[in-house]
Amino acid sequence: MTSETLFSLRAVNKVYDGGVHALKDISFEVHKGEFLVVIGLSGSGKSTLLRCMNALHRPTSGEICYRGRDIAAATSREAREIRQRVAMIFQHFNLVPRTTVLKNVLTGALGRTGTARSLVGMFADEERKRAMRFLDLLGIADKARHRADQLSGGQQQRVAIARALTQEPEVLLADEPVASLDPATCHTIMDYLQKVNRELGITIVCNLHFLSLVRQYASRVVALRAGELVFDGQPADIDEAWFRRIYGEEAKEVHVN
Amino acid sequence: MSTDGGRGGLAKGVVFDAILLAYLLVLATVAAYGPSPEQMLMLGRNSFVGLILLAASATAALALRRAGVATVGSVVFEKGAAPKSGELRPWYRSFWAWQLLLVLGATFYVGARETEMSLYELTDEAGFRGATNLFRGIFSPNFAILPKAVLAIIETVYIAFMATLIAVPVAFVLSFTAAKNIMSRHPATFAFYVALRTALNVSRSVEPLIWAIIFSVWVGIGPFAGMLALMIHSIASLAKQYSEIVECVEDGPIEGIQSTGASFIQTIWFAIVPQIVLPYISFTIYRWDINVRMATVIGMVGGGGIGTILYQYQGQAMWPEVGCLVVVIAAVVWLMDTASAYIREAIK
Numbered sequence: 000m001t002s003e004t005l006f007s008l009r010a011v012n013k014v015y016d017g018g019v020h021a022l023k024d025i026s027f028e029v030h031k032g033e034f035l036v037v038i039g040l041s042g043s044g045k046s047t048l049l050r051c052m053n054a055l056h057r058p059t060s061g062e063i064c065y066r067g068r069d070i071a072a073a074t075s076r077e078a079r080e081i082r083q084r085v086a087m088i089f090q091h092f093n094l095v096p097r098t099t100v101l102k103n104v105l106t107g108a109l110g111r112t113g114t115a116r117s118l119v120g121m122f123a124d125e126e127r128k129r130a131m132r133f134l135d136l137l138g139i140a141d142k143a144r145h146r147a148d149q150l151s152g153g154q155q156q157r158v159a160i161a162r163a164l165t166q167e168p169e170v171l172l173a174d175e176p177v178a179s180l181d182p183a184t185c186h187t188i189m190d191y192l193q194k195v196n197r198e199l200g201i202t203i204v205c206n207l208h209f210l211s212l213v214r215q216y217a218s219r220v221v222a223l224r225a226g227e228l229v230f231d232g233q234p235a236d237i238d239e240a241w242f243r244r245i246y247g248e249e250a251k252e253v254h255v256n
Numbered sequence: 000m001s002t003d004g005g006r007g008g009l010a011k012g013v014v015f016d017a018i019l020l021a022y023l024l025v026l027a028t029v030a031a032y033g034p035s036p037e038q039m040l041m042l043g044r045n046s047f048v049g050l051i052l053l054a055a056s057a058t059a060a061l062a063l064r065r066a067g068v069a070t071v072g073s074v075v076f077e078k079g080a081a082p083k084s085g086e087l088r089p090w091y092r093s094f095w096a097w098q099l100l101l102v103l104g105a106t107f108y109v110g111a112r113e114t115e116m117s118l119y120e121l122t123d124e125a126g127f128r129g130a131t132n133l134f135r136g137i138f139s140p141n142f143a144i145l146p147k148a149v150l151a152i153i154e155t156v157y158i159a160f161m162a163t164l165i166a167v168p169v170a171f172v173l174s175f176t177a178a179k180n181i182m183s184r185h186p187a188t189f190a191f192y193v194a195l196r197t198a199l200n201v202s203r204s205v206e207p208l209i210w211a212i213i214f215s216v217w218v219g220i221g222p223f224a225g226m227l228a229l230m231i232h233s234i235a236s237l238a239k240q241y242s243e244i245v246e247c248v249e250d251g252p253i254e255g256i257q258s259t260g261a262s263f264i265q266t267i268w269f270a271i272v273p274q275i276v277l278p279y280i281s282f283t284i285y286r287w288d289i290n291v292r293m294a295t296v297i298g299m300v301g302g303g304g305i306g307t308i309l310y311q312y313q314g315q316a317m318w319p320e321v322g323c324l325v326v327v328i329a330a331v332v333w334l335m336d337t338a339s340a341y342i343r344e345a346i347k
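Quick mapping for you: the protein sequence lines, in order, are chains A and B.
Anchor point for the first sequence: position 144 equals 143 in numbering that gives the first Met the number 0, and the numbering is continuous, going up by one each time.
Anchor point for the second sequence: position 196 equals 195 in numbering that gives the first Met the number 0, and the numbering is continuous, going up by one each time.
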């Protein structure tokens, strides 16, 4: 791929306080406009990897450069600036309960709103318009006044995507975005991510369990096994042999229809 | 004998048995020796004797443990010990049951003497007449002083209200710095957390009654002293209750807000506050309710409001007037109690 490099990871290691070695010498690059999918078993380090790319976690060693700036060495102010450009959505949506959908989406603008202004709820009018535009894009503008915790799982994930888009990000990290949703809703969410990728040109790095989804949506795949990078290539290249190597000898592929 | 409780349970059991034994030995020594009041006050010598008895008890407790006797300590602290011995023999043939009975019996006997329990006093004719007199007065309240009583209880309700109102914002800010999940990220903030927790615990363990005495010397007897006393106690209690709510919030929303690039303050405001605001309100209303009741008592030591005049009438044995005050206090406390229960139920 010839387009510009957004992320470049070099020999990234992450060892948790408990001694778990979650990432081992991970090196790869993320290019602009990609729909990169990270696969691997639960506990293979996928979530840790994404959290390191969003500066929620610090790698123990190695370099994670976003547009040439090392996230691992960033101050907390720099980390916050990077997070604004590198949005994230989560398996359990991580919306704020007892708060309206619109207010949840507006929190995407916190990074560029002053602390004092945000505390009294003085978001600029253009921010509100922007938030409503993204809710509209995700087909849930009619839910703007509802409490976020009263929506279904699929709707909550769409709110989370709208919150991420409100950040006006360049990259969207998605940590198992469909793992707690039913198969039908699963495709809706993946279609929206594809739309975000194609229509808004936002680069996507997405953790997934199901290989069938990977083949359908990914433009490139990397695979982790026990914290190590074992595959980096095209989704079509993952044949039976690779599948066993990534998921273990006992594994059988499950399809989501 | 099973040792399922692990080493911690074992050590605790032995210490517990040693304390129980030492307690019995001290009581027995006092009973056998019969020291004079002057001798009872000789702190140095008495603690020396106490330590010797404690050492003897510890040795005995260890010996019992080695012999595998099911003592109270082993039954309480070592899981699995009780059912096993219970299956083998009836309770009246087990060591721990008699150990427990002996401790309870001795405690009841000493307690009866310490509290000067006396059936004679309770049934004494003159004393009984006095009580009848008092009840007769209280049950025929003198409603002539009703306006005075109502004005006084309004003062009491406002004392409670002001104490709560001033305490809420202070406790709100303190609650985040007293929450472990927020403060344990950095050694410096954790040290602050420990210091604050200790300060809150200390000020909470000093009863509002004592705060009222302190403040009535400081700012003079009256409602201001009572309000300050309740405020200090409310800050400490609310900060603790609030911080426990903060410690129970979900982490997901915090991570979600952090991932947008929000600052620390923004994360607290947008991820934590929405999760805690309703329980906060519920605790606050309950605190006001408690404060109204406490303000009455505090008035009796110079904190103003209805407690102060209750104390005056009581001192002059004006029982019908006391009866009127009791009616007013009961009515207001019942009203506050019911209202606060309804509101807390509604916002759950």
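Hints are not guaranteed to be accurate.
[Stated by the list, open to error] Covered, in the sense of this in silico footprint (three residues per stretch, anywhere, with C-beta under 8 Å from a C-beta of chain A), are these stretches of chain B:
{"id": "1", "segment": "257-267"}
{"id": "2", "segment": "273-280"}
[As the list claims (entries may be wrong)] Below, simulated EDC-like cross-link-like pairs (lysine to aspartate or glutamate); rule was C-alpha separation at most 20 Å, straight line:
{"id": "3", "chain 1": "A", "residue 1": "K102", "chain 2": "B", "residue 2": "E206"}
{"id": "4", "chain 1": "B", "residue 1": "K179", "chain 2": "B", "residue 2": "E206"}
{"id": "5", "chain 1": "A", "residue 1": "K142", "chain 2": "A", "residue 2": "E126"}
{"id": "6", "chain 1": "A", "residue 1": "K194", "chain 2": "A", "residue 2": "E33"}
{"id": "7", "chain 1": "A", "residue 1": "K23", "chain 2": "A", "residue 2": "E227"}
{"id": "8", "chain 1": "B", "residue 1": "K179", "chain 2": "A", "residue 2": "D16"}
{"id": "9", "chain 1": "A", "residue 1": "K251", "chain 2": "A", "residue 2": "D238"}
{"id": "10", "chain 1": "A", "residue 1": "K23", "chain 2": "A", "residue 2": "E3"}
{"id": "11", "chain 1": "A", "residue 1": "K31", "chain 2": "B", "residue 2": "E206"}
{"id": "12", "chain 1": "A", "residue 1": "K102", "chain 2": "A", "residue 2": "D69"}
{"id": "13", "chain 1": "A", "residue 1": "K194", "chain 2": "B", "residue 2": "E206"}
{"id": "14", "chain 1": "A", "residue 1": "K102", "chain 2": "A", "residue 2": "E77"}
Since the hints were made in silico from the structure, they are not lab data.
Glycine included, every Cβ here is placed at the ideal spot set by N, Cα and C.
Checked hints:
Residues of the segment 257-267 of chain B with a Cβ under 8 Å from some Cβ of chain A number 8, which satisfies the need for three, so the listed coverage holds. With a threshold of 8 Å between beta carbons, the proposed coverage of the segment 273-280 of chain B by chain A holds, since 4 of its residues qualify and at least three are required. The hinted pair formed by K102/A and E206/B fails the criterion: a straight-line CA distance of about 43 Å is larger than 20 Å. The hinted pair formed by K179/B and E206/B fails the criterion: a straight-line CA distance of about 25 Å is larger than 20 Å.
A threshold of 20 Å between alpha carbons decides the hint, and for K142/A with E126/A the separation of about 18 Å falls inside it, so the pair holds. Using a Cα cut-off of 20 Å, the hinted pair K194/A and E33/A holds, with the two alpha carbons roughly 13 Å apart. Annotation: proposed proximity of K23/A to E227/A holds, straight-line Cα distance about 5 Å (limit 20 Å). Among the hinted pairs, K179/B with D16/A is consistent with the structure: their alpha-carbon atoms are about 18 Å apart, no more than 20 Å.
Using a Cα cut-off of 20 Å, the hinted pair K251/A and D238/A holds, with the two alpha carbons roughly 12 Å apart. Only pairs whose Cα atoms come within 20 Å are accepted, and K23/A paired with E3/A is rejected, the gap being roughly 26 Å. About 65 Å separates the Cα atoms of K31/A and E206/B, which puts this hinted pair outside 20 Å; it is violated. For the hint pairing K102/A with D69/A, the CA-to-CA distance comes to about 32 Å; that exceeds 20 Å, so the pair is violated.
For the suggested pair K194/A and E206/B, the alpha carbons sit about 63 Å apart, so the restraint of at most 20 Å is broken. With a C-alpha separation of about 25 Å, the suggested pairing of K102/A with E77/A is violated against the 20 Å cut-off.
Of the numbered hints given earlier, the model fails hints 3, 4, 10, 11, 12, 13 and 14; all others are met.
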